[in-house]
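Enquirer: Using the sequences and the hints, build the whole thing.
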Amino acid sequence: MLGTLYGIGVGPGDPDLLTLKAVKILGRVGHVYAASSSSNDYSLALEIVRDHLRDGVPVHFLDFPMTFDKNHQEEAWRANCDTVAEQLENGVDVAFLTLGDPMTFSTFIYLWRTIKYRLPSVPVEIVPGITSYQAAAACAGVALAEAEETLTIISGAKGGRRLSDILPFSDNVVLMKAYKQFPQILDQIRRFGLEDSVCFVSRCGLKGQVVEKDFRALEDLKPHYLSLLIVKKGAR
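Per full-length UniProt numbering, the very first residue in the sequence shown carries number 1; after that it's consecutive.
Since the hints were made in silico from the structure, they are not lab data.
Backbone N, C-alpha and C define an ideal beta-carbon position, used for all residues, glycine too.
Any given hint could be a false lead.
Stated by the list, open to error - Simulated DEER-style distance windows between Cβ atoms: (1) A143 to M1: 20 to 30 Å; (2) A143 to N90: 44 to 54 Å; (3) A157 to E219: 17 to 27 Å.
Expert: Given below as structure tokens:
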């Protein structure tokens with residue numbers, strides 16, 4: 001009998017935003033996995049849930065390289081699949097931790113697809129988590145959407161190109177992963193004359209949290225990895 005793969009969204013950083021369902025599952029699984037980059041073995045997701053893990057449960061890091069090289073990515077996905085599938089084939093229930101929500105710009109998506117291809121009958125349960133942009137909007141006091149407004153969530157990992165594609169058609173835009181090519185992203189905001197319609201949030205709910213609505217203060221900023229922008233074309 002195969003074990004169950006649990007994709008656990010642990011929220012944006014504040015341990016108090018972990019769901020009760022996540023806590024219950026984490027207290028009974030037989031193995032826990034967390035993503036880390038190739039350069040370190042630290043996981044914020046693991047720190048968020050550490051107090052809720054069963055005593056003695058094995059915890060291992062999976063390497064998800066931060067690269068756009070497709071071959072390198074797929075090689076890592078297959079290696080991670082091999083590691084997790086071994087436990088599942090032995091009947092062990094495993095949890096994979098992911099910041100925010102497992103189905104929103106998450107490394108879990110790649111692991112889930114690869115494992116389902118290898119083990120089509122494996123049981124999977126996905127536990128949603130509070131996203132960084134939900135938490136950011138709450139702490140900044142910025143409405144994400146109201147009435148008939150539209151909301152679009154995009155990635156800024158490749159700079160501001162997607163922002164320029166979306167802004168003409170969406171009332172509100174959340175740009176995740178805003179730490180890369182930040183000057184280019186700000187240039188696109190200037191291009192649309194939306195300097196007064198931007199809210200920048202970094203390390204939401206964590207030590208060093210930053211909430212900034214003054215566009216001029218962003219121009220010399222070097223954003224932390226955990227940073228996003230909320231752009232509201234109809235800002236009041």
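Enquirer: The structure should be examined with respect to each hint, and the outcome stated for every one.
Expert: A quick look at each hint next to the structure:
1. A143 to M1: 20 to 30 Å: violated (47 Å)
2. A143 to N90: 44 to 54 Å: Hint holds: Cβ distance 48 Å, inside 44 to 54 Å.
3. A157 to E219: 17 to 27 Å: Given range 17 to 27 Å: holds, Cβ gap about 21 Å.
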